[in-house]
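Asks: What follows is each chain in one-letter form.
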Amino acid sequence: LWPRERNPVDERERSELSRQRIALLVPKFVKRARDEIKMVERLVERVSHGDSTVFPELRQLVHGINGTGALYGFAQLSARAWELEQLVDELIARNESVASDVEPEVLQRLVICSESLANEIKSSAGDAQS
Amino acid sequence: VAHSALKQLLYVDDDPDIRAIVRIALGHVASIRMAESGERALQLVNESKPDLVLMDVMMPGLDGPSTMKRIREQSRFAALPVIFVTAKAMPAEVARFLKMGADGVIAKPFDPIQLGANVRSLWSDIVAARAQSGG
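Protein sequence lines correspond, in order, to chains A and B.
In terms of our numbering, the first sequence opens at residue 1 and continues consecutively.
In terms of our numbering, the second sequence opens at residue 1 and continues consecutively.
Pulled out of the complex, with its shape left as it was, chain B reads as follows (with noise of 0.2 Å):
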């Protein structure tokens, strides 16, 4: 369940470099824990308790949509908000995203300076939805 602040954050991207600016540009939003693969996510979940998980959506093994759905098949992580960090962000690619449970989709390439400013706002959005619904 989202809770009103943002305090911890996995991201989850097979690229180091990517991982390495997003240490950067998320740094001032929330405390981050890196995972370098799907398989590593899970285990970080249950580690970190992160409030928000951000994803890559193509990775080697586990990917970002069967990363998600296996994180929530944990109840205790089914409502765990999820955003896919995708080049694949059509307008059809993000409906098929957010269909399947996605709480928002961040386009690649991001802006590694404006990167924070859209995680804050995506947050926003979700904790006010989830209190719409009662979540």
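With the rest of the complex left out, here is chain A (with noise of 0.2 Å):
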């Protein structure tokens, strides 16, 4: 299946010579989640004024910052992003038709989540720049 035979020297240099790209594509990915925070901070306020026409944009932007985040090695951003997610499908499941459906507690916890998840993407962005 694989012609040429594979040597363990030229995998490990293969695999660091991997690592180096991928870490050189960290700050690019870090700008992209401040950008998306951002949006996802703008599309909570518009939940909270009663717009649940928001919620597969606000999911596709959280799921994003999660399956990312966790494939550059950002484990606590994903875990505050995937709480997240796991909210906004919540509340999508329960096909809510309008947001003031959506009880107070529930609001304050997607307020929340995203807070968490802004400021664990801030603390990301220090570490990379560090």
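Take the hints with a grain of salt, since some may be wrong.
What the hints assert, rightly or not - Looking from chain A toward chain B, a few residues come up when the C-beta cut is under 7 Å (computed): (1) Gln20; (2) Arg21; (3) Ile22; (4) Leu25; (5) Gly67; (6) Thr68.
Hints are computed from structural coordinates only; laboratory data are not their basis.
Note that beta-carbon positions come from the ideal geometry of N, C-alpha and C, so glycine has one too.
Work from the hints to combine the two standalone chains into their complex.
Replies: Encoded structure:
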């Protein structure tokens, strides 16, 4: 299946090279996450004003931060995004027709989760720069 | 039909960061084309005629399962191997994807450094299974 015999030394060198190349992408991801959390916060704000049409867009954004953050090794950031994603999933599953139906405590959880994610992104940005 | 050598691979994901990581992770495994959507994948399958498609499940527009279905509706791609790359990789979900016709599932988040070995292993399984079934 694989015509060239794989040399363990070559494999190690290739892995190290891949790690280095992936590390070069991290600042770009952090910038993206900082931009996207602003969008997330704006969408959560709209939910608080009764707009439930934003749930799919909110879910897509948070799902992306969750998955990509995990790939880059930002476990805490990914965990915070996962929590928010689960909450949005719950709201979508409940098929809320108007966000005014969202109970105040659920809305509060939504705000807290998005703030936690924003804080984690700030922290990750600091880690990535140091 | 799966041939023995994996030469051309199509990776489908709406996330640009994941596409960039996969390009690095699988660059030594095969020649890779990237599609940012299921719709684009339908075009690229016809252009690049890949040996294998790796595909995200949750994408805006045409999602992974719908894209696989549309690809395989074309008779020449009816047996094209498809592996889903997804965060939805609990056993019940994996079973559901396999029942749909997927040839394998890779869980997200994956270790980029191990991705090449995972794909090679799944590809070997696919080739062996097709050989056994006469495909």
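Asks: Look at each hint and say if it fits the structure.
Replies: Consistency of the hints with the structure:
no.: 1; hint: Gln20; verdict: 10 Å, violated
no.: 2; hint: Arg21; verdict: 5 Å, holds
no.: 3; hint: Ile22; verdict: 6 Å, holds
no.: 4; hint: Leu25; verdict: 6 Å, holds
no.: 5; hint: Gly67; verdict: 5 Å, holds
no.: 6; hint: Thr68; verdict: 4 Å, holds
Of the numbered hints given earlier, the model fails hint 1 alone.
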